[in-house]
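Undergrad: From first to last, the protein sequence lines are chains A and B.
Residue 1 is where the first sequence starts when you use this note's numbering, and the numbers rise one by one after that.
Residue 1 is where the second sequence starts when you use this note's numbering, and the numbers rise one by one after that.
No lab work stands behind these hints, which were simulated from the structure alone.
Incorrect hints may have been included.
[Said to hold, decoys possible] List time: in silico DSS-like cross-link candidates among lysine-lysine, alpha-carbon distance up to 30 Å:
no., chain 1, residue 1, chain 2, residue 2
1, B, Lys457, A, Lys285
2, B, Lys405, A, Lys330
3, B, Lys285, B, Lys459
It should be emphasised that the depicted structure is a prediction, and the values quoted were computed from it without experimental measurement.
2 protein chains.
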Amino acid sequence: MRLEEVLAEALKIVKPTQADESLLKNVIGEMENILKDEISRIDGILGISLEGSAAKNTWIRGREEADIFIHFDKNVPRDEMEKKVIEIGFRAIERAGGKPRLMYADHPYVEGVVNGVTIDIVACYDVEPLKWLSATDRTPYHTRYIIERLKPGQEDQVRLLKGFMIGCGVYGAEIKVKGFSGYLTELLILNYGDFINVIKNAANWKPPVAIDLERYYRSTKEMLEIFRNQPLIVIDPIDKSRNVASAVSLTKLSEFILASKLFISNPSLNFFKPQMEKPSVENLKRLSAERNLLHIFFKLEVERPPDVLWGELKKSEEGIRRALERLGFKVYRSGSWTDETESCLLIFELDTLKLPNFAIHKGPPVYLKTAEDFIEKWSGKAIGPWIQGDRLYVLRRRDEVDVVKLLKRELDSNRVAIAKGLASLIRNAKIDHEADGLIRSAVDNPSMLNFINSFLKAKPPFI
Amino acid sequence: MRLEEVLAEALKIVKPTQADESLLKNVIGEMENILKDEISRIDGILGISLEGSAAKNTWIRGREEADIFIHFDKNVPRDEMEKKVIEIGFRAIERAGGKPRLMYADHPYVEGVVNGVTIDIVACYDVEPLKWLSATDRTPYHTRYIIERLKPGQEDQVRLLKGFMIGCGVYGAEIKVKGFSGYLTELLILNYGDFINVIKNAANWKPPVAIDLERYYRSTKEMLEIFRNQPLIVIDPIDKSRNVASAVSLTKLSEFILASKLFISNPSLNFFKPQMEKPSVENLKRLSAERNLLHIFFKLEVERPPDVLWGELKKSEEGIRRALERLGFKVYRSGSWTDETESCLLIFELDTLKLPNFAIHKGPPVYLKTAEDFIEKWSGKAIGPWIQGDRLYVLRRRDEVDVVKLLKRELDSNRVAIAKGLASLIRNAKIDHEADGLIRSAVDNPSMLNFINSFLKAKPPFI
Numbered sequence: 001m002r003l004e005e006v007l008a009e010a011l012k013i014v015k016p017t018q019a020d021e022s023l024l025k026n027v028i029g030e031m032e033n034i035l036k037d038e039i040s041r042i043d044g045i046l047g048i049s050l051e052g053s054a055a056k057n058t059w060i061r062g063r064e065e066a067d068i069f070i071h072f073d074k075n076v077p078r079d080e081m082e083k084k085v086i087e088i089g090f091r092a093i094e095r096a097g098g099k100p101r102l103m104y105a106d107h108p109y110v111e112g113v114v115n116g117v118t119i120d121i122v123a124c125y126d127v128e129p130l131k132w133l134s135a136t137d138r139t140p141y142h143t144r145y146i147i148e149r150l151k152p153g154q155e156d157q158v159r160l161l162k163g164f165m166i167g168c169g170v171y172g173a174e175i176k177v178k179g180f181s182g183y184l185t186e187l188l189i190l191n192y193g194d195f196i197n198v199i200k201n202a203a204n205w206k207p208p209v210a211i212d213l214e215r216y217y218r219s220t221k222e223m224l225e226i227f228r229n230q231p232l233i234v235i236d237p238i239d240k241s242r243n244v245a246s247a248v249s250l251t252k253l254s255e256f257i258l259a260s261k262l263f264i265s266n267p268s269l270n271f272f273k274p275q276m277e278k279p280s281v282e283n284l285k286r287l288s289a290e291r292n293l294l295h296i297f298f299k300l301e302v303e304r305p306p307d308v309l310w311g312e313l314k315k316s317e318e319g320i321r322r323a324l325e326r327l328g329f330k331v332y333r334s335g336s337w338t339d340e341t342e343s344c345l346l347i348f349e350l351d352t353l354k355l356p357n358f359a360i361h362k363g364p365p366v367y368l369k370t371a372e373d374f375i376e377k378w379s380g381k382a383i384g385p386w387i388q389g390d391r392l393y394v395l396r397r398r399d400e401v402d403v404v405k406l407l408k409r410e411l412d413s414n415r416v417a418i419a420k421g422l423a424s425l426i427r428n429a430k431i432d433h434e435a436d437g438l439i440r441s442a443v444d445n446p447s448m449l450n451f452i453n454s455f456l457k458a459k460p461p462f463i
Numbered sequence: 001m002r003l004e005e006v007l008a009e010a011l012k013i014v015k016p017t018q019a020d021e022s023l024l025k026n027v028i029g030e031m032e033n034i035l036k037d038e039i040s041r042i043d044g045i046l047g048i049s050l051e052g053s054a055a056k057n058t059w060i061r062g063r064e065e066a067d068i069f070i071h072f073d074k075n076v077p078r079d080e081m082e083k084k085v086i087e088i089g090f091r092a093i094e095r096a097g098g099k100p101r102l103m104y105a106d107h108p109y110v111e112g113v114v115n116g117v118t119i120d121i122v123a124c125y126d127v128e129p130l131k132w133l134s135a136t137d138r139t140p141y142h143t144r145y146i147i148e149r150l151k152p153g154q155e156d157q158v159r160l161l162k163g164f165m166i167g168c169g170v171y172g173a174e175i176k177v178k179g180f181s182g183y184l185t186e187l188l189i190l191n192y193g194d195f196i197n198v199i200k201n202a203a204n205w206k207p208p209v210a211i212d213l214e215r216y217y218r219s220t221k222e223m224l225e226i227f228r229n230q231p232l233i234v235i236d237p238i239d240k241s242r243n244v245a246s247a248v249s250l251t252k253l254s255e256f257i258l259a260s261k262l263f264i265s266n267p268s269l270n271f272f273k274p275q276m277e278k279p280s281v282e283n284l285k286r287l288s289a290e291r292n293l294l295h296i297f298f299k300l301e302v303e304r305p306p307d308v309l310w311g312e313l314k315k316s317e318e319g320i321r322r323a324l325e326r327l328g329f330k331v332y333r334s335g336s337w338t339d340e341t342e343s344c345l346l347i348f349e350l351d352t353l354k355l356p357n358f359a360i361h362k363g364p365p366v367y368l369k370t371a372e373d374f375i376e377k378w379s380g381k382a383i384g385p386w387i388q389g390d391r392l393y394v395l396r397r398r399d400e401v402d403v404v405k406l407l408k409r410e411l412d413s414n415r416v417a418i419a420k421g422l423a424s425l426i427r428n429a430k431i432d433h434e435a436d437g438l439i440r441s442a443v444d445n446p447s448m449l450n451f452i453n454s455f456l457k458a459k460p461p462f463i
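Produce the complete structure using the sequences and hints provided.
TA: Here's what the structure looks like:
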């Protein structure tokens, strides 16, 4: 397909219909009326505003959502503000017929689904720029910045970029993804003009990449010095001290760069809706044959906000990875999955499931005092010691070589850096290397089965 | 045992008896007479001299040997000198009833055993110091230097040091050992006074160590700069540009340091005559159980001087070691053995005999042009590619995982840096990992069996 055709078809996927739009506008109108009524009885609230993609006309089809902000006077104490937004949010969503749920990002907010539209009711302080009291105070300024600058037609360019990023698996600033936020996609469109120009530029990025729409900084060098170790730096136009892309990991940035290259070489609708076959048990078994897959499965006991849970999972995955490397295994890859409410799964692909029977153990150089202690310590308990170069070595027989038993021992003696909140769950988890058993146990869980499938394929959706 | 008793007993081991001494003197006298007669008929020869331990009265019991040097005029061309010393040597040894053998160090010499005494007939040029024409020209000056300076009683101190070094496996400058020469032991005794003082000092050495008896250099720093990467530097008193200890490897130096420490801590006669039990097949099988031992056995077709053969073996051992590491194995240890005439054996102790089925393969960073080629190259042929950080990776299935087959393939395609002289022998060698078979095949070969035993024990004799 030619590029123009691909973009025309892609736009059909990402652009809401008139009916979608009316529905969203109606739900928002209803929520605004309810909220205006609710806040009228409460002191310290200055008004409400619509923020996010609905306000900017950049939401994409099927992801209708409305962020409604309640503006507090800056003299209202933080805890009172939090208490009030929870109360108002719960009542408002219930009045609209939704089921309110307490969420937590930088501070608490209330979420509910009303007529298929996700509503987030969020508190912020009404402050002047750079006098932020809470993390959400910038949002109304972000919204205004984008609305004032997006030219007619650029909303759809934002939608194409979001759709491309969703299709390629790099959209979302949450810990689960560590990718691109909605605001970031809008700034990229403002900076490069349209979708294809973003892609053409990204295809030539070499991290670190720095973008400064308002030219706050004199040079890229200056930005790199201030925002060290950040692969993508996009200076917030309303706050020069903030990197809008701080959540973007090097891996996700690299995936976006590569996806952009491949799209330029070979434009295709697949980048917007990747073909993910429904994995069959037979296929998964074939894919996992002869591979060394350690997995850890456990159930949650207490629910927590998704970002908290994903943070714990990623930290634990990294800690277990390091523990396995320390034990002598090579960890080729690892991955985490959760349904965010009940079950969690960590998978590690290893070079082997059993360590060699003997391990080499390096002792001190012969000229140190400790050389004699080393000989005394190991004599009769190991092969050697011998001397190679200026050092002593022994070959010691491992008392355990099985990865499951070794990892359990490390976990039991608290030598693995896992998240505190998951420590006892992981210690009591099912730890196993039978891929067939894992696949069978996931048969009735499409989300888990999909994760296992994409872990086994080990390919981003755009390749 | 107290130190004094140990030294008294050790001296009995290393010091020749009056009968030993008479025998050696008689053989030397006979050889000198024969040689004087032989050279009288030949032009360009200025005389003969006794060199080596017999001349310096520092040989040790059971190692009776006489180095007789034939001094050539410096105008005799090198090839003529070589031809003449071979002719004279062969005739002289035959006349004395021995069987002459052509040897080769820096240049050819003739060896034979007469009445149990090893006779070496060597050529040198009669030149002034520092005007050396061949490597052996220094020897008469070495001999004179030692004879003039060794005080009565110090000869026995040299004998103790040689005996200690033999017992600890560090004596001998030849490639097989890479240890201490006789001349080096004599210089150490001159420098430190007596055996126990050498040992006490060596116990505190930290390589690199530099000794300069004639104080040719201003500082240790200066010597270390000139003799770079040499762990032990002993400046030749008759030639300041030469390191007498240049053959000493870091490993052998370290073994000597450690042996000295252990002897000081616990003086024992074992350092002079290590207890080596005769290895039984059962013991060897027990020792090798569950260990991963790759061995290469082959027979020589052409005889060569021991130092040449050992050089080839060590080079090949190192090349195969590197090839195995490159293939993905860890080589814990390796060793070579030969009877110097017929059979050769190389052993490698590995972490495993089979590589994992899958190997990780690191591709280019996504921002390079080659990223797309990498994807094209591996798509469908490997698991992945995926992105981690800024790079592409795949997991590829190995087509061969067995160490014997992998090594044979490397050898067949000439990718192993083995000595040219052994290349075809090693390519056609018996390469196997069955330790039991190796042990059985060595049952009637005590030298090979001893090597296998000490390889399996992986301990120097003094530990």
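Undergrad: State for each hint whether it applies.
TA: How the hints compare with the structure:
no.	hint	verdict
1	B:Lys457 / A:Lys285	violated, 45 Å
2	B:Lys405 / A:Lys330	holds, 24 Å
3	B:Lys285 / B:Lys459	holds, 17 Å
Going through the hint list in order, the structure does not satisfy hint 1, though it satisfies all others.
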